[in-house]
Every structure is written in C-alpha cells, then in structure tokens.
Amino acid sequence: MEHVRIEKMKVTPQLIEEYFDKLWPICRSITGNGLRESFRILQQIIPLQLEEVPTGSKVLDWEIPKEWNIEDAYIITPDGKKICEFNINNLHVLNYSIPVDKEVEFEELEKHLYYIESLPDAIPYMTSYYKENWGFCISHNQFKSLDKNGRYRVVIKSTLAQGSLTYGHVVLKGESDREILLSTYLCHPSMANNELSGPLVMAGLYQKIAALKKRKYTYRFVLAPETIGVIAYLHKYGMYMKEQIDVGYVLTCCGDAGDFIYKMSKKEDSLTDRVAKHVLKHQEIPFKIIPFSVGGSDERQYCSPGFNFPVGSLTRSIYHVYKEYHTSLDNKSFISFDAMIKTIETYFCFVKALELNANYYNTIQFCEPQLGKRGLYPSSNSPDVNRKKIHDLMHLLSFSDGKHDLIEIAEKRNTSLFDFEEHIQHCVEKEILKIQ
Amino acid sequence: MEHVRIEKMKVTPQLIEEYFDKLWPICRSITGNGLRESFRILQQIIPLQLEEVPTGSKVLDWEIPKEWNIEDAYIITPDGKKICEFNINNLHVLNYSIPVDKEVEFEELEKHLYYIESLPDAIPYMTSYYKENWGFCISHNQFKSLDKNGRYRVVIKSTLAQGSLTYGHVVLKGESDREILLSTYLCHPSMANNELSGPLVMAGLYQKIAALKKRKYTYRFVLAPETIGVIAYLHKYGMYMKEQIDVGYVLTCCGDAGDFIYKMSKKEDSLTDRVAKHVLKHQEIPFKIIPFSVGGSDERQYCSPGFNFPVGSLTRSIYHVYKEYHTSLDNKSFISFDAMIKTIETYFCFVKALELNANYYNTIQFCEPQLGKRGLYPSSNSPDVNRKKIHDLMHLLSFSDGKHDLIEIAEKRNTSLFDFEEHIQHCVEKEILKIQ
Amino acid sequence: MEHVRIEKMKVTPQLIEEYFDKLWPICRSITGNGLRESFRILQQIIPLQLEEVPTGSKVLDWEIPKEWNIEDAYIITPDGKKICEFNINNLHVLNYSIPVDKEVEFEELEKHLYYIESLPDAIPYMTSYYKENWGFCISHNQFKSLDKNGRYRVVIKSTLAQGSLTYGHVVLKGESDREILLSTYLCHPSMANNELSGPLVMAGLYQKIAALKKRKYTYRFVLAPETIGVIAYLHKYGMYMKEQIDVGYVLTCCGDAGDFIYKMSKKEDSLTDRVAKHVLKHQEIPFKIIPFSVGGSDERQYCSPGFNFPVGSLTRSIYHVYKEYHTSLDNKSFISFDAMIKTIETYFCFVKALELNANYYNTIQFCEPQLGKRGLYPSSNSPDVNRKKIHDLMHLLSFSDGKHDLIEIAEKRNTSLFDFEEHIQHCVEKEILKIQ
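So the sequences go chain by chain: A, B and C.
Here the first sequence is numbered in the working numbering, starting from 1 and rising by one per residue.
Here the second sequence is numbered in the working numbering, starting from 1 and rising by one per residue.
Here the third sequence is numbered in the working numbering, starting from 1 and rising by one per residue.
There may be inaccurate statements among the hints.
No copy is singled out in the list; a pair is fine if it fits within one copy or between any two copies.
[Said to hold, decoys possible] In silico SDA-like pairs for lysine to any residue, Cα to Cα no more than 20 Å straight-line:
| id | residue 1 | residue 2 |
| --- | --- | --- |
| 1 | LYS412 | PRO291 |
| 2 | LYS403 | ASN308 |
| 3 | LYS148 | GLU17 |
| 4 | LYS242 | THR363 |
| 5 | LYS8 | VAL59 |
| 6 | LYS403 | ASP269 |
| 7 | LYS208 | LYS388 |
| 8 | LYS412 | ASP269 |
| 9 | LYS213 | ASP338 |
| 10 | LYS288 | ASN414 |
| 11 | LYS403 | VAL294 |
| 12 | LYS342 | ALA257 |
| 13 | LYS267 | GLU408 |
Please keep in mind that the hints were generated in silico from the structure rather than gathered at the bench.
Note that the structure is predicted; figures quoted are calculated from it, not measured.
All chains should be modelled from the sequences, with the hints used to inform the complete structure.
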C-alpha cells in the first residue's frame, strides 16, 4: 500500500470545523459519487488509500449492491408547490430510492412518506438498500399540511447501476507488526454526530499518531460505509487482521458535548477495555462504562464470533439514545468542535498509554535494588521528601516481575500509569528495568 | 423397569387437594404398611415402580432397620380418661415406638412425653428410629393438665420385626441418556408442607413432563423415605447416576404460600443453579437465594462428597424456619393448593429452560449474516420497527460461538432465555443456527 | 544452629514492660555495639543465635556499610550552653553521623539541623547510612530560639570503621519442615511503637509457640536491622526459605492501643492472608484490611519479585500514618503493654489456626456417615438438641472432600474454624475423618 502524502497539521477546532463544513452538504450513501467526493476531501487530512469493490461481488454472507447516484428529487403538490427538495436537504429522499417520475394520488403517495410524529419538525433519515423502493422523508408538521385531494408529481432522478463500493484505509507502521485498529464509517448524508464526528476524530487522531517520534504499534485506520463496507473490508483483510490486531476502537457519535460513554468489547478483560477504563478513570471528567451490545456500529462485524477482535468504542451521546439521532436535527448545532478535540485527545491518551504499557522486568529480582547508589533515592529520610513519588518508584520495581503489565501495576496503586513514565525512563537508563 | 400405566390428567388445585385428602390420614414412617399404602395411592397419579429392601441389608454406611407397624396407641389417665389417641392424631405416638402395655407412675411417664413449651397447642413430631424407645407426643397445654399422682396405663400396639423398606421411582426416557433428577421423600405421618407437598408437586410435575411432545433429557423421579430410603436408593443406583445426572432438585416444603427460596447445590456454578436463578429472576415474583447447607433434606446424600451431584432445591416456607415445622400445626390450613400449582409451574419452567438451553452455533461466523435476504430483518430502518426483538436476534447470533450456552447469552442481555425461543426456531429453519 | 537455652516465662504486661525499660535507653543503629547490647538483652526472653556480617560484604545488590559507634554528641551555643545532648536523648544525633568537632557559624550549622515545623516539640529521627554526613535533630521550638549570630561548637564523638552488622534468628522445629516466618527489625534508637513493639511481640509469641505440646509447622524467628539486615539474612538463607516458607508475618508498629490493621501479602489469596482475615473476622474487635504496599517494612524484601514469600503484617497504628512516627513522641506514653499482649494473642491465634487447618477427608464419601451408631448424634429429633453444633459436624463431614481446607469449610458456614476443633478430634478418633 502506497501512502498518499499530506502535510502535517495542527489539530484545532478551527481545522475540524473547516472540514466539517466541506463535508456536510454532500449526499453520501453506501456507494456512489457523494461517497467518493467525501473521501477525496478527507484525503487532505488523512492519507487514505481508496479501494473499489464491484457490484455483485460476494463478500462473506453478503453481496455488493448496485451503485446508487442521485441528481435531484422533489414533489410537486396539487397546487404546484415544490416540496421535499433534495437540493435543500438531502435527507428528503429515501436513501437508495429507485428513479421515479409520475403522478400519484395522495393515498398512494402516503405509503412512500416517512415522518416522526414525536419530533414534528424533524426530517427522518431513512434507507432502503436491499429492497427496491422509492420514498420521501418529511417533517410531521409539513406532512399534516398536505392536501389529501388532487394528484402529486413525484420526481427522483437517481440511478441504480453496475458500479462499485468505495472504502479507504491507511496503515502507519510501527516497530512491531502488532496492530491497533481505528475504524469509522462514511455513508450517511447530512448528519453530524452520527456521521461526520467519526471521520473527523479519526483524521485528528491520525495527525497526532503520525507525529509521534517513535511508535511501538502499527496503526490501521479504516474508513468504510457502515456494515457492508466493513464486511467488504474484512472479506479482504479480516484473516490477516485476526492474527495482528491487539486493540481496536470504533469511532462513532463522538462529536457532541455529552459525557463520555465507553462501550466495552466482547472480551471484557481485553487490553482494549483495560486501557480505556484506566485512562478514563484518571481523567477528571465524568464517564460511563457500558457492556458490549449489538445495537451499535461496526463493532458488530469486528466482534462477530469468527473474528472477535477486541474492539470497543468511546462515544459521547450514543446512537439510539439521543432524540436527534437519525434525523435532520443531528446537525452542526448539535455538536461541539471543542468537544471533538477532547475526544481526539482522550483517544490519543489511550494510544500513549498503549505505547507506554508493557510487562516490565526488574533486573534485580531478589530484594530491592539499592536506589541510593544509582541516584534514585534521597540521601536522608527527611520529612520533606516526596514520598508518593519514591513509593511510586519502589512500587513499580516491586511489582515488575515480568508477569504483570504496567496498567495492572498502576491500578494496584490506584494511580495513573503516566505517573510511572519518568521512573521507567530512569530505571531503563540505569538498567534495573527492562521490557520483558 | 416396567412402567405402571396411568391416564394423563390435568394438573389442577382440585386434583392436588383430592390426593392430599387421601394421603393425609395415613400413619407413615420410614418403613411399614402406612408407607406402602401411600405409595399405592400416589401410583394413581405418578407411575412409580416400587422396590423393597429387606431389614438388615447393608446400604453404604447404614443398615435397613426392622420394619415398624402400628395398630393403636393411647394413654389411660388415673381417672380413666383415654388421651393421646393414635386414632385421633397419629403424631401422638413417638414414631418407631416399641410396643408397650403397662401401668406407670407419672414420674416414669413424664420421661416418655414430648411437648413444646413455646407452642402450647402443638403436638410435636418425634421419632426414634435407631434407638429402641417408646413415647407419646402431647401439647404442652394438655401436659400441664395431667394429674401428677396416680398411675397411668400406656398402650402402644406396634410391631418391630423383620420386613423391608419401600421406595418408588420412575424414569421418563428422553432423546439423551443425560438425566435430570427430581427427588422427594415419603415418611412423615400427618404433616402437610413438610411431607405431602413434595410428592404432590412431583406428581404434578410428572404429568407435565410426560405430556411434552419431545424431551431432550431423561427424567428420573425418586420418592423414598428421607435419609435411609435415599441412601438405600443410592446404594443401588448411585454409581450409575453419578455418570448420568446433569441437573437435580429435591422437592420439599413447597406447598404453602410463602415466597420462593432457592437453595443452591454445592457446585454453585452448576447448570442446576444457573437455570433456577435465571428462571426465578425473570418471573415477576419475589424470591430468595440461599447457599447449600446440611440442614435440609436429601440433598445431603446427593451432594455428599463421593457423589456431589448438582442438586438444588426450590422451597417456600423452609424447614426449621417456620414455627409449624415438625408439629401438628403443619396441616391443611398451613398450605395452599394454588401455591402448590405455582410451584409445579415454576419447576416446569426450569424443565422447559433446560430443554431449550444449549450451546448454539452461528453457522456464519465471520461478520453478521445478512438477515434481510432470509426474511429475518425489516426492509427499512423505520422507527416503528421492534428494535428490542431485532436486537435480541442479532445478540443471539453474535454470541452463538458454540462456547456459551443460551442462559449465559440471555443473561448478557438481561433478558429471559424464553425471549429467544422463536428466533432460535427461525434460525434453525434457515440453517444459520445449529446446536453445537 | 545451636539453641541458646532460656527458661520458660509467662507472657504478662509486666514482663513486656520490664524488657521495654531495659531496651529503651540504648542507641541502636543498623550496626554497632548498641545493636549488639540490645540483642544480648533480648536473648533472655528469646534464644536468638547471632551472626555477624563483615563490613564490605556484598549482599545481593547491597554492601554492608562500615560499623558505626558513638560515645557522645552535643552542641555548645555561642553563649556557652550545651544543647542537643546525645546523653539526654539519642535521637538528637543524626544516626550514622561522621565524627565532627569544630566551630561553625549559624548559617553553616543550620544546614545540619533537622526539625519538624508541624510538630514543634518533637525531635525527629533522621539517618544518613549511605552518604557521609553529620547532623543534629532538634525540636522546632528549640531551633527557633537559637541565636543566629556567633559561633557554635559541634561535637560528635562517633566512629565509622571496619566492623560488622549483627542479626539474630532462631528456628523452632516442628513435625514438618514447612516453615512459618516471623520477622521484625532492631535498628532504631529510642522509639517505642516503631522499634520495640516488634521484638517484644516476637519474644512473647516465641514463648507461646515454644510451649505448644505439638507443632506441625517449623517456626523461623528473624530479628535483623531493617532493610540491610534482612537483605543480608536473605542473601544467606533466602534460597532455602524460598523452598520452605508457607506463611510469614512482619511484626511492626503493633504495640499501641490503635485498632488492628492487617496488611496483605502480595499473594492476596495466600494462606497467610486467608488465615489472618479469618481469625480477625471472628475476633469481636474492630480491624481493617489493607492491600500490600511498598511503604512499610521488610515485607518489601520478602515480597520482592524473586522471593515473593507470602508475607503479611498485622499492625496497630501504622507507619507513616500516626503523627508521632519517627519522632521522640513515639515513646512509652504512646504504647500500651495490655495492647501488646493482645497483639501477641492475636498472632498466636493465627498460629493455632494454622496448626488446626488442613485438608480433611471424610472416609465415608458416599452419603453421610451414620453418626448415631458412633455416639455422635442425638438419639431423638428433640427440639432441645443443639442444632448449630450438630450441623457444624455434618457441614464439616459434607465438605471434607480433601480438596478444601478447614478455613474454606468454616467460611462457607460463616463460623470460626475453632468451632470445628472438638468435632475434628472426635471424628479422627472414630476414623471417619483423616488429614488428606
């Protein structure tokens, strides 16, 4: 895989907002030119390699559907008004609608209209990928105002044809082939938290990881249409990944100011979950831990029984729970670019913790090392001495038997593993600590 | 073992009460004709095969005692009144009393009288199986009214002679030889919760299990005098059962309206205990879980170190705890035939759960199966969709790796395993699920 | 190792106080004649064998320092007053001070003075074993009163010379070579809870264990200067001990009236910790359990990764927590000889529990033994029977499968293992219980 070359950027709320604004208006789906255009924009901030999977390809239990493209869509009311205009809001059209151009009675039209009574101003987001159908999504208020008599003209200028599905990925090599997976999706039209937060957080995280001077792990970034795109990706790369993935996270619904929610992988004692819980516990902001469940995103594929990668997910306002989910209300006013930066930073803390974590081995196993002669211990037992710091060091050495990783050692002392970073550096220099 | 043939019956409170009334007056003991007569009555509703073990037979660490039979017993007071009449309440005689017919002073009589000061109206239930003795049980109120002067005539027309101990059992064959044990005792004279609830619940449960169209498990029903009877049974069948028993329950004290108490087997992570706890948790009525303890019934034998079968027990008002236990107050007014039906139904839920439980295996292990093309998924992501039901199905498939049984899978979703029954049927039909 | 012969003594508060008073005035350090003199006094109540390790010996990662001895020390103030007199309180001199006799300005003196602002009347305890230095410890109140002008004469008549480090130990043989380690330190000058409580509790415990008629375990008592002394001891005996030690405790800070604190070993499921927690739970006095930590005493060496003996510690007011720690306020008025006796008794309960604990095996594994024919069961089911006691016995037999030790069996019944002592004796006599 050749890398697209991009320049290094400082990850700021402004940068994130700039790309949000570029991506927002595009009508994406699980295939098509809107999807490709979105990938091209994202390639400016994360050097994704794109791959195309032709219509009709068998991918595991699934088949790549026809490619969908759309030019325009609207309804003409009996009194000649143009409503549900695709060009005003691309949610108005049922995603993957077949082309249509005909006049219908209200009674017939009604069967093809989608609205949410409990959110009367919201346009719902609806799809029909695997069953041919046409339809429009409309606010309940507008629906109620429609004339029940007269004929409506419905126009959807779409095509469903032989084509391909597009996904992108990039692998940042580290010293080891052991991999950390970061995955998100690109396939929803104009939605914010449940679409653009994932790719934008991923791009920010890419920038930070690429800037690391030294990387132990190899990082795999996957950006694909949800479900079918990831299934196609795993069809090709899954068996290799099964051997390599140590840790993984699905980035989704992580762009608003809601408290962090960490959803565990199926392997609840995995390094993925241990590092996430450890980092979150030592950040002084509220968070919640929830178990793995199938109502979510692509962790469903990654954690399917045959793969069962240790893949968790750090979200904020989570799918199905916030009322704006899958509607036109999940928009720029719902999210926060400062919060998105904090999400990036928290994921980056997971990464730094994973890079620091190891099974350290104290080379002086019998009794404690004499720290004083190595300049690592104060020369008197003065009450001024920073006892917490010295005890951190002695704790680290005492538990470094090569069988417990740093996270365990830190948790036993109820302190952050980052508190040991400097001690590890000194002890490695003095050769009383090495990585097992 | 040949089966006694019985007709199928509907298990109703009326049926249970009818047999309760038939069994109540009989004076049972660990041997004797009262015991045999009770078995004959029960054979009308559960086709027990009876076996006789002769007096003097060595059974494990024990020996079958002489057979005890009794015709009559009473005391004639100094003023000629007949009291403690066996024919009025068979609890009046110390169970297993040797024959006696003599005149004694009150001082001598008193050594052979049993009463409970804290329950002044209750006649206690007392036995002396393994030490020859005679005695009468009397309410404390009556005891206090006795004349301390004059001579009393004591008459017990009993026999202790070479004979045998009787027990009954029946095995309902299933597709597999793996067995579920249901065991209770028959040996107490006229008592209700701590005697007749067990055999009556067992008979009701037999009727329901026998009516199942299909049985995976083989069901073994054991009805024997407590302790010595079950020891004799295990002397003969224990080593075979040790190889076959997967699950077992002792039926006792389960006939009154008290809340359910589930007493665990010694193997607290056994299928026996897991299924009981799972079913009880998803019934919307109160219950309590208690650990295994030796103060109980025949689980003491079944869970003895050499056998250690996974045998638990679902009770209501439990032995030693309710004040009427082992007295004349444990009678028809203490129990409830509706509650007994609910006990039968709950045990039957354990059975249905065991029949449904299995290690299922999703035949599409890599990524999720495409449910839509099999008609198992709604064709659009409409908000009207029953998400709980679809997610149940996806959860089932995601966790069906063949390593976890259905109970575990249901518990991970905090839902009843019966919620998966229909999904399992559909998925087995579509060949995306099979039993591992 | 030959045993010093001592007479047996009754362990009373008076005895403990007598030896406290003898040991208190001596200026101890990690080497030197004060240390040797203290050992000689202790040999009157615990028959320690002494060993000397020469200066310069390499012991694991450490080296035995020069031997330190001191005759006198004081400061003459500009106005001719003698202060910080070693002969009044041996804490006044920085322990391991090099000799000095010179006049210095206040500015220079101040760099060699140690005090605690938050405890203005306390003389701190300070050491400088591994970096040559001189100094005085002084109360903050006295420090504040010092004249900042004029010259001070500082005199320390000490020697640092080739010599040796002294430690003592004694091994009480039992039937088995499996060992229980009891370890404490001797190296602080006049301090009470954090110095003399350990050796005095050890001596009392020695007296009680030596008086046992029968001992299953071998008991190793180690008394050495903290850290370097135990490192020297482990350098010589550690590899043998690694094979032999089943249980161990470090005796420290156990002489005041504070509630018991039990600090676990690193192996939290060790017999060491299980027995301590079990005994403490069934003593009806308050206690607290804390995890292993490096801020403590010689458990740091015993639990170092290469050895990792199961060594815990029962303390009262614990190091670093009570404000008098490492100051002149940790004196006779801080401690309680009655409390020290209770500490000895509690440790002795650990010992008795360890001696009683075993994996017992019920020789009648299939169904319960008939207890009646062995005189172990009441002949009738009278309500007067002590059911708790009978059920204890039946519980013991039911769980004695040879795989669970007595502590586990007792914990399952939530009762003290000592409640089974008499039953075990009876059952062993009747040959229905044996040690696996």
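*Which of the listed hints are not met by the structure?*
The structure conflicts with hints 3, 5, 7 and 9, although it agrees with all the remaining ones.
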